[in-house]
Structures are given as C-alpha cells and as structure tokens.
Amino acid sequence: MKHICKPSQCKAVVLLFWCLLLMPLHLTAADLTDELPEGTLTATEVKQLALERNPSLGQALARVRTAEAILRQAYSAWWPEVIATGGYTRNYADIQPDWQPDTTVVKRFYELRGGLELNWLLFDGFARRAETLAARHSAEEARLLEENTRRLLLESVSTAYRQSQLALEQMRIAKRNMLFNRSLEQQASVKYRVGTAPKSEMLNFSVRALQAEHDYIEAERSFTVAIALLAELTGHPAEEPLDRLYPEPVLTEEDVPETLPDESSLLAEALQNRPDLKAIGKAVRAAEYQKNAAKGAWGPVIGLNAGVNYLKQTDILPEQEEVTAYAGIGAEWKLFTGGRRSAVFQEKKAGLFALEEERRSKELAIASSVRQARANLEAAMKSLKLQQEAYLLTQTIRNDIEKLYSSGAASITRLNEAQTDLVKAAGLAASARIQYELAKEKLKLETGTEEIKPRD
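What the sequence shown shows, in mature numbering (1 follows the signal peptide of the UniProt record, and there is no 0), is residues -29 to -1, 1 to 427, in sequence order.
If you're looking for bench data, these hints aren't it; they were derived computationally from the structure.
Computed from a predicted structure; not experimentally measured.
A few of these clues could be false.
Said to hold, decoys possible - List of simulated lysine-lysine pairs, DSS-like, C-alpha gap at most 25 Å:
hint	residue 1	residue 2
1	Lys253	Lys266
2	Lys319	Lys305
3	Lys253	Lys353
4	Lys411	Lys356
5	Lys266	Lys320
6	Lys333	Lys266
7	Lys395	Lys374
8	Lys353	Lys415
9	Lys411	Lys353
Stated by the list, open to error - Label pairs and their calculated CB-CB ranges:
hint	residue 1	residue 2	range
10	Asp233	Arg192	40 to 46 Å
11	Ala209	Glu88	54 to 60 Å
12	Glu234	Thr37	35 to 41 Å
13	Asn276	Pro208	55 to 61 Å
14	Leu282	Ala48	27 to 33 Å
15	Leu375	Arg215	45 to 51 Å
16	Ser235	Gly310	22 to 28 Å
17	Glu16	Asp371	37 to 43 Å
18	Ala381	Leu181	19 to 25 Å
Built from N, CA and C at the ideal position, the CB exists for glycine as well.
Please build the complete structure, drawing on both the sequences and the hints.
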C-alpha cells in the first residue's frame, strides 16, 4: 500500500531537504564572518624593523669592520717596528785549541742574552703610501656596499609589505562579495519557498558565494605567505606572534600628484646618490693606488736599523759580560726579478680596466632602471586614477541594478554581471593603489633618494 503525503507535508519535506543541503554552505561561510586580520604596522615602521634586525646587515657591517682593520694594518707600516729578544741557555762546549791539538777542553756554562732592535722603513718607492690610500678607499667601498645592502633590503621589505596589504584588501573584497551573495541567496530562498522564484535562482547565489569563499581562501594564503616573508626580512623571532607584522589598511584617500620630476634630474640624482655606483668608484680608486704600489717594486728600499744587545756567560773562565749597540741605514735594490714586477704591474692594470668597465656598465644599468621606474610610476599614477573612477561608477551601477532586481525590473543575469564587475573593479582599484605605492618607493630607491638610516 503506497503512502501518499499531503501537499503541505510534501512541501515541508522538500523545504527541510533544501535546508539540510544548504546548511554546510552556511557553516563554511561562517568562518568568513570573523574579523579580518587587523594591524597598525606602517611602511616606515616595517623598514626600521628590517634595518635593526635583519642578519644580512650584520654580515655587511662585519665586512666594513674587516676593511677598517686592514686600513689600520696599512697605517702601521708608517711606524717603526721594535723587537725585543732574550734567552737563557745551558751550553756544552767541546773545545780543541789550535795551539794544543792534543788537548780537549770540555766546558759547561750558562748564557744570558737579551736585545732590543728597531727597524724603520724610510723609503720603498712610494709603495707604502699607495697601499695605504688603496686600503682607505677599500674601507670606504665596504661602507658604501653596506649602505647598498640596506637599499636592496628595503626594496624587498617594501614589496613584501605591499603584497600583504594587497592580499588583505583582496580578503576584504572577497568577504563583501560572499556576504552580498549570501544575502541574495536568503532572499531567493524565501522566494523559492513561496513559489515566486525558481530553484536555479537560489542555487546561482549559492555557487557565487562559494566562489567568493574560494577567492577569500586564496587571498588568505597570499597574506600568510607575505607575512612569513616579512618575518624573515625583519628578523622576527620565531617565538613571537606574527600579528605584530600585520600591516595597516591601504590608504585609498591619499592624493596622487599630477606630474613627475623630469627624467634628466632623476638621472642626475641617481648618478650622484646611488651607493653601489659610488662603491665601484671607490674600488676604481683603490685599484689605481694598488697599481701605483706595484710600481714601487722598481725602486730601492731604504730603512733604518738600530739596537742594543746584552750577553753574559757564567760558569766559564773567564766570565764574559758585554753590551753592544749599533745603528745604521741599509738599502736594497732589486735589479732583476725575472719579469715578476712587470707581471704584477700588468695584473693590477688589467684589474683597474675591468673595474672602470664595470663602473660604466653600472651607470648604464642605473640609467635604464631609473627610466623604467619613472615610466612605471607614471603608468601607475594614470592607472590608479582610472581604476578608482571605474570602481565608483561600477559601484553605482551595481547598486542601481540591485534595486531593479529587487523590484523585478532586472534579471538575475544582469545582477550577476554587475556584481562580477564590481568585484573585479574593486580588486583592480586595490591592485592599482598597491602598484602605485610600490612604483613610488621603487623610484626613490633607484635614484638613491630614499632615506636609509645606518644600523646601530
């Protein structure tokens, strides 16, 4: 016997079935109702953290100290060298005097000796002066390379920080999109229950809400990756929570300038301020002095030598005790070395030529990077203005179509299109803002005008 339910009962069963079917979707969306990650860390603060704690700067600073120590070694060559000697020994002597060939004398005696010697290089063909100047420029080169390390670090930190801001904004957009579609889903569910809307209309909003949740998950993953990279760049301790690195929201209300500095002035600033270019210039100067130092091998070496020696012998007859002092000037001049001096000089000369070509190559690379950075910033400025205007217009269109859809004057397809356009426009506007901020900071770093504080 078949069991036939009443129409009201069937309708209730169907309604219960759809409620159970849609329940997992609402439970999944419940995670998105939580607050988004909130932070107050500014771009300036995150840069300062990186400059204070990034270990690569410690390595660069160690190289600076190494170069300074080498410079002090070069300065020491200008001072005299004082050497103290001394000793106390027991001697065994088996002596056969020339005047008594058949006689052997065996003596055991103690000997105490000491001395003080001074050596002072007076002239070495100006090689010492050239080596000192080369070491001084090498130390300055190391300091400039340490500054360039900070410049490159700030570039990486800025990129990671802006990526985290963009991912956070994408999370916010996806969340708004999800909530919007969930709201329409509930309205369509009511219409479906009363029979004024088809089931496909309700499922349409369910699918679009799920797609928004997927976008949220992808944006959340990007945010987590960016924060992890920031933690590495800023030397963030592993035991401390990462929420301290959460960025502040994107400042969308900041005005965008109408014009940019001209290209020639930017190039002049870059060639004057870039620490990597100045470091190569110091390396060139150091190579020049190293070449001059190699010339000194053709000249004589003149030095002052002076000292005093003391000797005392005991347990021997007669006991001896003597003090001797001496002073003089000595000279050494190598007349032929088999071509070694010429080979060393040619080596230094070739190294200098290579550095000069490297400086020329760096100047060309800097000019190219400045031109590219300026072009990117100019394009980012124009794109930001257009995307902001497009977003406002798209938002107005979506709101109008939503009202028309609620009144039945617009189709669900048109509403879907309007919502998709709004989500896309919001994402493009946020991305354009981030690209503008990155391009602005990139131009500062490429021209060397970004303020880079040294590490304590």
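Open item on the list: Under the constraints set out in the numbered hints, which ones does this structure not fulfil?
Closed with: 3, 6 and 16
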